[in-house]
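What follows is the residue order along each chain.
4 protein chains.
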Amino acid sequence: MNFASDNAGPALPQVMQAMIAANEGFMPSYGEEALMDQVRDRLRALFEAPQASVYLVATGTAANALALATLSQPWQTVFCTPLAHIHVDECNAPEFFTGGAKLSLAGEGDKMTPEALLAAFAAWREGDVHNPQRGPLALTQATERGRLYTCAEIAALCDVARAHAMPAYLDGARLANAIVALGCTPAEMTWRAGIDAVSFGGTKNGCVGVEAVIFFSPENAWEFELRRKRAAHLVSKHRFLSAQMLGYLEGDAWRDAARAANARAARLAAGLRRLPQARLACEPEVNMIFARLPRATHRRLRAAGARYALHEGPLDTGPDETPLLARFVCDWSIEEAEIDRFLEIVAG
Amino acid sequence: MNFASDNAGPALPQVMQAMIAANEGFMPSYGEEALMDQVRDRLRALFEAPQASVYLVATGTAANALALATLSQPWQTVFCTPLAHIHVDECNAPEFFTGGAKLSLAGEGDKMTPEALLAAFAAWREGDVHNPQRGPLALTQATERGRLYTCAEIAALCDVARAHAMPAYLDGARLANAIVALGCTPAEMTWRAGIDAVSFGGTKNGCVGVEAVIFFSPENAWEFELRRKRAAHLVSKHRFLSAQMLGYLEGDAWRDAARAANARAARLAAGLRRLPQARLACEPEVNMIFARLPRATHRRLRAAGARYALHEGPLDTGPDETPLLARFVCDWSIEEAEIDRFLEIVAG
Amino acid sequence: MNFASDNAGPALPQVMQAMIAANEGFMPSYGEEALMDQVRDRLRALFEAPQASVYLVATGTAANALALATLSQPWQTVFCTPLAHIHVDECNAPEFFTGGAKLSLAGEGDKMTPEALLAAFAAWREGDVHNPQRGPLALTQATERGRLYTCAEIAALCDVARAHAMPAYLDGARLANAIVALGCTPAEMTWRAGIDAVSFGGTKNGCVGVEAVIFFSPENAWEFELRRKRAAHLVSKHRFLSAQMLGYLEGDAWRDAARAANARAARLAAGLRRLPQARLACEPEVNMIFARLPRATHRRLRAAGARYALHEGPLDTGPDETPLLARFVCDWSIEEAEIDRFLEIVAG
Amino acid sequence: MNFASDNAGPALPQVMQAMIAANEGFMPSYGEEALMDQVRDRLRALFEAPQASVYLVATGTAANALALATLSQPWQTVFCTPLAHIHVDECNAPEFFTGGAKLSLAGEGDKMTPEALLAAFAAWREGDVHNPQRGPLALTQATERGRLYTCAEIAALCDVARAHAMPAYLDGARLANAIVALGCTPAEMTWRAGIDAVSFGGTKNGCVGVEAVIFFSPENAWEFELRRKRAAHLVSKHRFLSAQMLGYLEGDAWRDAARAANARAARLAAGLRRLPQARLACEPEVNMIFARLPRATHRRLRAAGARYALHEGPLDTGPDETPLLARFVCDWSIEEAEIDRFLEIVAG
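Residue numbers (the working numbering), protein chains in the order written: chain A, 1 to 348; chain B, 1 to 348; chain C, 1 to 348; chain D, 1 to 348.
Hints were generated in silico from the structure; no laboratory data involved.
Check before you lean on any hint, since a few could be wrong.
Said to hold, decoys possible - Sample of chain C residues facing chain A (criterion: CB under 8 Å; computed from the structure):
1. P74
2. W75
3. V88
4. D89
5. C91
6. N92
7. E95
8. F96
9. G100
10. A101
11. V129
12. H130
13. N131
14. P132
Glycine included, each C-beta is placed from N, C-alpha and C at the ideal position.
Whole structure, please, built from the sequences with the hints as guidance.
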C-alpha cells in the first residue's frame, strides 16, 4: 500500500530491457551516440515538431531549472502558482540556475488563470529598472494537485504571455498522465497552445531517471547545452538515458503506464467517494489524490503499513475525528488489490 | 579499437545485475532507501572512516563542483593544476557551483608539488580584502595524464594546505585505478594523507553513472545535501544509484575492473614502447596513455576504425612524419586482441 | 512642490561642509583613514554597542543586499512583507547578492506581525531538503508606507525569529525618521529588540550617499568586508563616505533633519485631512504620505509642476472624480510655503 | 611623501565646486537629472561617439565588473593579463557579476600581445561544450605597471578579438593619464581601435568617486542599466556623480590633472635613474613607477614617513643591501618638493 510518490515504484520492464540492450560494446558518450539520434527523431515525431531541440537530463528539477534559466535573465521574474514544484520543492534550484531571478506567484493553489497572470504582471512596473522585469510563464501539467489544464486553458495563458513578449514553459513531470487523461496530442498540449519549451517526464511514469527537455524553437539550443554541462547535468554514459527514453516510447509504453496509473487513482478516488469518512480536496484528474481522512483513520492506515504524504498534522496527538489532508499517488505498478485493501482499512 | 574514453565502454555485469535486482516493488526515494544504508556502511568500511558522510551523485562534474562549493566560499580561490578537469573540462561548473570562486593554477601540467602550491599561495596576499582569499586545494588521482601521486606526495601537499588552514579535496574519478596501481588502501590515499573530501568514481570504471562523495568530517553533511538538491542532483529513484554502487563494491568488482583496465593499458604501452614510431609523452601508471604517433600512423588508425582523442592536429594536412599527441584510454572491457590489432596497425 | 522622494532634495550643509573639510591632503584609502575610526566610535556610542562592526556603503540597496547575503545562505529564504523595498524595488539585488536565496512574503502590505511570520514559516517544512530553509527576517523601519513598528512590535517579531534560530535584519533607510518619531533610542529600536544587523540610512535624510551597516555581533565582520569588496562597494576615497557620516552625526544634524522632514509631512497630512477631496490611505507616522486624490486634482497638481509618485493610473484618461493613490514624500528641505501652495491646489 | 595610490590624494577643486553647485534644490534622481544629459553629451562629444551609451558608477571595480558581465556569458572566459586589476585586485568581482565566468590569463605581467592572446585562445577548444567558451578581451590602459599600449597595439589586439567574434573591453581607470601621455584622442584609443566598451576613470585622477562606462554600440544599454541596479550601483542622488564628471570635464580639468600626475612621476623617475641605489623595474609612461630599492633605503623612507606599496618583503628582517620592489604613484596634487625630499632620502 505505497502511495508515497510515483517515484517510489519500480521502472517499467521495457525501460530496464532497453538499458540492458544498450549495455553492449563501445559507443560515443555525452549524447553523441546513435541512440540519441533515435530519441530525437522519435520525440520530434511524437510532438510533430521536426525542428525542435531535444535534450535528456536525469532529474525533473534539472529539466525545470535549466529550461527556465535558458528562457530568462537574472533580473527577471518567473510567474508560477503558489504550489508550483519550482517554488516549493526545489530548494531554490530555479533561483540558482537563473543566477538569481525571482519567482512571482500568480493564481491560487495549483492553477493559474489569465486573470491571475495579468494581476501578477500588474504588480511589476514594466520597463522600470527598479523592479524585476517580466520573465517566463511556468505552468505544471498535470498540476501539483493532480488536476489538469485543458489545451484551451493553456492556450489562453500562453496568449497572455505572448502578448507581453514572455516565453512559456511547461513542467511536464506528469505530462504523460495529462495527455492520456485529456486524449489530446502532445502537440496540442504544447506548441500548438503556445508553449515554447516543455519537459516530457519519464521518471515518475516508469523510467529509472530521465526527462526530455524540448525547445520548439531552435534558437536556445546551444545555450541549453552549455548550461546543462556547466550544471554537471551532461551525463557521460548518455546511452543509458537514451535507452530509457527509447524503451519508454517503444510501443507506447509511456501511454500504457500513464493510463494504468490514472486508472488506479480513479479506482481509489471512486472508493473514497463512497466512504463518508473521506473527503476529496479536489476532483482528481490523473494519478494523484488529495483527500482528508480522520486522524484515527490515518493512524490505522499507518499501522497497517500504508505509505503516503500527510500534509497536515501532527498525527500522533489530537482528536481522532479531525480530518487531515494527505496525498495519495498511484504509480503504474500498484495492484488493484492493494487499493482495495487500503479502502477497507479506511472503511474501518 | 575504442580508446576514446573510459566512459565509452559498457557497464560491468555486476552493476547491471544490481540495478535489475533493485527494480522490485516500492522503496523510499531520494536516498532514504535501505540500499543507501548499505552503501554508506560499505564505503565507511572500505575507507575505514566510520564517521564519514557519504553521498551519491550521477556525474563526476557534480561530485567535484558540489564538493568544492561545500569546502569553499565565493571570495576564495581553489588551487589546482593547469590540466585539472575542474579547470579545463567542466565549462565553469566549479565557478557556477561555488558562486564565483576563482581557480588558481599551481604546478605544471597534471601534477602539483608543495613548492608549486606555496608559490601559488604567495601570489595572493593573505587577509587582504582586495584579492581572493585562499580556498581549497584540489588534486586529481589518478591525474588527467594517467599518472599518480604517491600517498606520501599527497600527504606533503595536504600538509601545506593544512598549514594554511585550507581543506583538501581529491577528484577520484579514477581513484580505483590509482588504488590498485599503488597497492595502498583507500584510507592511506585519502584521509590518512590529509584529504578532507574525496570522490570515489564509479562511472569511468564500469558503472552506468554514479560517484560517491565522501566527507571525512561530518560538519559539511547538511550543507552538501542542500547544495545537491538545489543543484538538481538529488536523484528521486535513488535506489538505482545505490544499487550501482553496491554492485560495484560487491566482491571487489571495482578492483577487478580497475586492474583489468590498467593491465590493458600496460599492454598497450609496452607495445608502443617497442615501436620506433611511437613516443610516450609520459610514463603511464593507470589506464591512460599519452603518446605521439606520426600523422600517417594516425591516418591509418582512423581508417581502420580506431577511436581516441587526438590532442594535436590537424590530422588531414601536414607532413606524414610529424608526430601528433593523442590520448588512449583503456576501459575494463577492451579485449587484448583489439590492443594487439591496434599495435599492428601502428607498426605499419 | 517636489514630493517625489527624499532623494530628490539637496544634502545638508553640514554634510557638504564635512566633505569639503575632508578634501585636504593625503589619507589612507578604503576605510583605513582616521575619519572612519571616528565614524566607528560615534556609531558604536550612538547605538550603545561597543563591540559592533560598522561599515559604510554608498547606497541603501547595497546595505540591504550585502547585509542579507552575510546573514543568509543561498538555499534559504528571507522573510519580508509584500511591499518590502528588497522585494519590489531592488531588481533582484537580494537574490543576486545571496547567490539565489528566495524571498518569502509574510504579512499584508508594509507590515508584519508575529502571527504572519509564523504562518510564513509554516509554509516551509523545516529540515526538509526539498524546500528552502528558513533564513533571516527582514523588516523595514520606517516602513515603505511611512508607518512605524513600535520597539515592542519589533521585539515580538525578533522573538519569533530567534525562537527559530533566524537572524533579524532591519532596513533602516529611514531609521532616523523612525527614531525621532518614536522618541526611543537607536539601541531600543535595534539590538535591545533583538535585531542582529541594521542599516542606518543617511542618503534619504540629507547625505550625498552613505549608509552605515552595523552588525551587533562581530562574527560577521570579515565576511561582510569580503562581500562588500567583491560587490564593488568598497569605495577607494572612503574619506568622503566617512566625512558625510560625521557631518550627519555632528550636533545631531541627523535628528534635526528627520524631525524637519516628519514635521513637514505632518503639516501636509493635516492639510489633506481637512480637505474632503483627499483620503489618506493610512495614518502617516514619518515623512511619507499615501493618499488618494481625484484624477482631476492630480491633473491640476501636475499642471502646476508638483512632482510625486502616482501609484495608480492612468492619469490622462478616465473620470475626473476617480481617486488615484499617490505617494508624497517630504524631505528636510521642503519649505512650508510649498506645502501650503500644494494644499491650495488640492482645495481647488 | 605619499605615493601610496592615486586614490590617497584630495579631489580637484573643480570637482568639489561642481558638487557644491549641484547641491541646490530638487532634482530627479537615478540619473534622470538634467546634469546627466550634459554628461552624456559631453562624453559623446569627447569620444566622438554620438550613439554611445554612457553611464556613471562610483567605483572602478563596479565599472569593470558590470561592463564585463554585460559583454559576457557565465560559461565563457574573459582574457586578461596575469597582473590585470580584474584578476588580482577585485576579490572575484568579475566572477561574481558575470555569474561565474572564468578569467584566462594571457601574456606576461601587465601587457598582452596578439600572439599571447592567440595562444590563450588555443588553450580552449572552440565550440566544445566541455570547456569554457571564448568571451571578451579585457585590457587595461594605462597598465597596472604604469605602461602604455599604443593605439596600434590596442587595434592589433582588438583585431584578434574581432576575428574570433569576441568583444573588447578597456579598463580605463587611468585612461586620462594614457591619453595625455600618448597625445592621441579618446576615440583613437578606444572605438577607432576596436574597443567595444571602456571605463573612463575619474576617481584616480581627481574625482571623489566616479567612473563613466561607455558602450559604443547601443545594444547593451538596457542590460547594463538592469545589471547596475541589481548590483546596487544605481546611485539615487545621482546628481553628485554627474556633477563630479562635469567638473572633471570642465575646461579639460581631467587633462591638466593627468598631465600634472604624469609630470610628477617623470620627475621622480628621472631622479631615481640618477641614483645608483635605485633600479626601475620598467620604463614608466604615466604616473606610476615600479622600482627596486635596497632594504635599508626602504627603512629610511618609512622612518621619514614616506608611504607607498612595498611589493616584496619582509622589510624588517634581511640584509640591508637586498633590493625590494615597490610601487610609487603620483597623483595630481603631490608637490615637487615632496618628490625632491624623497629623492634626497633615497640618495642617503
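Q | Which numbered hints fail | A | As far as the earlier hints go, not one is violated by this structure.
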